[in-house]
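Using full-length UniProt numbering, the first residue of the sequence shown is number 1, and each one after it goes up by one.
Honestly, the hints are just simulated from the structure, not real lab data. Since this is a predicted model, take the numbers as computed values, not measurements. One or more of the hints may lead you astray.
[To be verified] With a cut-off of at most 27 Å between alpha-carbon atoms, the simulated BS3-like pairs for lysine-lysine come out as follows:
1. K112 - K133
2. K11 - K88
3. K88 - K133
4. K112 - K11
5. K88 - K26
6. K26 - K133
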Amino acid sequence: MASTAPAIVPKVAQDHEALLASPDPKLAANKRLVYDMYRIVLQAGLADRAGEFIREDYVQHNPNAGQGLAGVQEYVRSTRPEREIRDKLDLPLIHLMAEGDYVMTSFVRPEKDQNGQTYYATWFDLYRIADGKIAEHWDPMLKSDPRIDPNDKRLPAEDGR
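With the hints as extra help, turn the sequences into a complete structure.
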C-alpha cells in the first residue's frame, strides 16, 4: 500500500503588483479589475460597491451563490461583515493570470481534516470579463460546501493579523 505525504504549501506571492503587470494593457486592466473586486467586495465586504466591478447579468457557476449582480451582493452580505479596504489582498494569493477575456486566480486555502489537523489545498477562481466588468465566474465549490467568508481562509500572518 502506498503512503501519502502531506501536500506542500504553495509559495504565496509577495509582490502583488508584479502579478498585476502585463505588457498588454487589456490584460493588465482585466487583472486589476478582478484584484480590486476581491479587495473591495470580497475582502472588505462592501456589497454595495459590487456594481463597479460586476455586470447586472453576471453568470455564477458556484452552486451556493445567486445569479446576477444582486446574487453577488446577497452572498457577500450573508457571509461576511464590512471591513476597511486594504491596499493589498490579505488572502494568500499564489498567482493571477489573464488570457483574452479571462482572469484566473489561485489561492492557498487552509482546511481541517477529520482529526482537526490543518492541511493546505489550492483554490482556483476563473472570471470572464465583458465590456470592462466581470461577466461570469467559475470555482470548484460544491453544493455541500458551506457558504464561507474567504477571509477566514487566510494564512496566519507574521504581524499577528
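- Query: Can you list which hints this structure breaks, lowest number first?
  - Reply: Result: hint 1 breaks, nothing else.
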